[in-house]
Amino acid sequence: VTPRGAARISRRGALRTIAAAGAAAAATGVAEAREPRRPRDDDAGMLFDATRCVGCRACQTACREANELPYERKQANGGEYDAPLDLSGSTKTVVKLARGDGESAYVKTQCMHCADPACASVCMAGALHRIAGGVVAYDPGTCVGCRYCQVACPFSVPRFQWFTAFPAIVKCELCRHRDGKGPACAEVCPRGAVVHGRRGDLLAEARRRIAAAPDRYHPAVYGERDGGGTGVLYVTSPRVSFAALGLPTLPDHPLPQTSETVQHGVYAYGLAPIALWSAVAVVQLRARRKPEAAGQGREEAE
Amino acid sequence: VTDHGHEAPLGGRILTPAMKLLLALAVLWAALVAVRLVFGLGAVSAQNDGYAWGIWKPLNVVTFTGLAAGAYAVGLVTYLFNRGEYHPLVRSAVMAGAMGYTLAGTSVLVDLGRWWNLWVIFWPPVWNLSSVLLEVALCVMAYTMVLWVEVAPAVLERLRNASSPRVSAAARRLLPPWQRAMPFVLATALLLPTMHQSSLGGLFMVTETKTHPLWHTAWLPALFLLSCVTMGFGAVVLVENLAAMAWGKRIDGRLLARLNVVPAWLSLGWVALRLGDLAVRGRLGLAIAGGVHALFFLLELALFLVPGVRLLSARHRANRGRLFGSALLLVLGGTLYRFDTYLLAYQPAPGWRYFPYVREIAFSAALAAIGVAVYVLFVKRFPILSGVERDAAAPAPRAAARAAAGR
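Protein sequence lines, in the order shown, are assigned to chains A and B. Using my numbering, you'd call the opening residue of the first sequence number 24 and step up by one each time. Using my numbering, you'd call the opening residue of the second sequence number 36 and step up by one each time.
Quick caveat, the hints were computed from the structure, so don't treat them as lab data. Here the structure is a predicted model, which means the values were calculated and not measured. Among the clues, some could well be false.
Said to hold, decoys possible - Stretches of chain B that chain A covers, calculated by requiring three or more beta carbons in the stretch to come under 8 Å of a beta carbon on chain A:
| no. | segment |
| --- | --- |
| 1 | 70-80 |
| 2 | 84-90 |
| 3 | 156-167 |
| 4 | 225-234 |
| 5 | 241-251 |
Said to hold, decoys possible - One-sided excerpt, in silico: chain A residues whose CB lies under 10 Å from chain B:
| no. | residue |
| --- | --- |
| 6 | R57 |
| 7 | A143 |
| 8 | M147 |
| 9 | W185 |
| 10 | P190 |
| 11 | L278 |
| 12 | T284 |
| 13 | V289 |
C-beta atoms are modelled at their ideal positions from N, C-alpha and C, and glycine is treated no differently.
Just chain A, with the same shape it has in the complex (with noise of 0.2 Å):
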């Protein structure tokens, strides 16, 4: 094909181009600026104060018994023990040693309940979604197992069984089908350290125990903005960092906005596919007119 032949094919093709995006634009319009959705007052959430928390794992127990999730049993010494390492296909909260500076601290981990979860943005038919009061909740009804919730979630909370024929995705859900009555860790923890309630509230109650007790806190409160905000907040001594609790440093955008404004942003009204499928079709189509000058016009000829 001469170049003057290209050149014609390219300004009729983007007239079609022209034309076709518009009517594209006006069926979906999915190419919306992604805003970060921000954490509400109202949303259910939960204070973990390191300061307060024993070690005594009555939250632990607690949650296995509510989620009615099995032991995970280990043998030691003749003697056989509930003894979980790290949140997994059968734990869904579990307290551990954080070491500080000349000091170390008990820490309570489970799913944060992000205002804008990277594990909702991701999966692929929302079993993973946010739900009206602020939980980050999973439907197994929905979820085909890919687990690019565990690649997504800064946190790494997402957990999958392994080993079994028909797996699923386990993590806190902060006890919504107790009906209302909130999470079971929450119910027993004898020291106050773990509190249930509304993230306004609690957020409060944060800084309400930060300004009694100034040598006591950090200042901050882990969750108020770390990665957009997170329905779980962590306060801790000022010699035990968040760091050293095992919470990742993060941006105080939440981690969706960046890629799904790029996402969106490529597919922006679908112009670009439709740009660039309509040239291969004009220039193919022009090319069969023309058998001589096509790379396709062979096969017709056979």
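Following the hints, complete the assembly by docking chain B onto the known chain A.
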């Protein structure tokens, strides 16, 4: 009779000793799938909650489809830029592409924990349009079908001469409308890889805090798209040469030499984009900071830079051996970039380790063997390869099967 430039079946015996080895590997693969279905993914794979995606994603899905992107690479040149002279390369590349994508899809199916819920992919009301993986899943599935639609004319051409008059009449009736639809099929065949090959990099946009800054960039989609095309060109040269070694297929050296200036510029463009992006973000220092990440980053750069520079030379491209070497480097570079992004650069949290089981690697190897077996079966029976002897002398399929059964 030779008919250079037109495709013909290779003919010949199907059940060669090599083919029997491939079939034995296929049986091994089926056994591993059975173990996975009964005892769970952990029984065949070292994947864990930290490394929830092991080697099956970067190898079976992203590298296999990267190699299969030969169909996309040659297609772009032949159909978008309308360079018909490259047509003799198309069918072989499309056949390899169809196999590569079918294997990738199969691997994903086995890797899905809750495969019985796969219906959600076909049920738009539950789709989450923000999910990059959903886009990948839909595009890869659609593209696999499109590739087989592109392969179909080769099969129909052969069936026109089938011994059963019903089959040959049906093939004759089906072929013309099939080819009339081709412009739209081809347009789709070039659109879909553009979308999902870039998205295979876009998957890691969201892991901003888990992916090493030498790899995490908003340009991930562009870098994956560019490198799938360079890999695809490399794969086309490799497959042409392997077919020449195995079956004495003649290679149009001038055609390959002219074509492979394209991956030269794309490779160098990839290097420029990679370095330019790091420079703009002020992260170039990480490349010389030492450590395993810097080392692999530099190795990647070399694997793109060296073939990129070498392929610029027309004399280099005209030498079949050297072109083969550069093609191999193109494939290795793209493969390393994929493994690095999916595994090395991915750092879930302190303490997590992953190294694949032998049976996990065997799963991938056996899957590749199945792909090779089907490719060989197709090029022997259907007009896929150009530059081969027409198989007038070769035994008909049924006779070959009888001969094999009698042995």
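Quick rundown of the hints versus the structure:
Counting residues of the segment 70-80 of chain B whose CB lies closer than 8 Å to any CB of chain A gives 7, so the stated coverage by that chain holds, three being the minimum. Using a Cβ-Cβ cut-off of 8 Å, 4 residues of the segment 84-90 of chain B lie near chain A, which meets the minimum of three, so the contact claim holds. Figure legend: the segment 156-167 of chain B, annotated as covered by chain A; annotation consistent (9 residues with Cβ-Cβ distances under 8 Å, at least 3 required). With 6 residues bearing a CB less than 8 Å from a CB of chain A, the segment 225-234 of chain B meets the requirement of three and the coverage assertion stands.
Counting residues of the segment 241-251 of chain B whose C-beta sits closer than 8 Å to any C-beta of chain A gives 5, which meets the bar of three, so the coverage hint holds. Because the beta carbon of R57 (chain A) sits about 8 Å from the nearest beta carbon in chain B, less than 10 Å, this interface hint is met. Taken as an interface hint, A143 (chain A) checks out: its beta carbon lies about 8 Å from the nearest beta carbon of chain B, inside 10 Å. Because the beta carbon of M147 (chain A) sits about 4 Å from the nearest beta carbon in chain B, less than 10 Å, this interface hint is met.
The restraint placing W185 (chain A) at the interface with chain B holds, with a minimum CB-CB distance near 3 Å, inside the 10 Å limit. Interface hint at P190 (chain A): satisfied, since its Cβ lies 5 Å from the closest Cβ of chain B, which is below the 10 Å cut-off. For L278 (chain A), the suggested interface contact is upheld, since its CB lies about 5 Å from the closest CB of chain B, less than 10 Å. A hinted interface residue such as T284 (chain A) counts as satisfied when its beta carbon comes closer than 10 Å to some beta carbon of chain B; here the least separation is about 9 Å, so the hint holds.
Interface hint at V289 (chain A): satisfied, since its Cβ lies 7 Å from the closest Cβ of chain B, which is below the 10 Å cut-off.
Violated hints are absent here; each numbered hint is respected by the structure.
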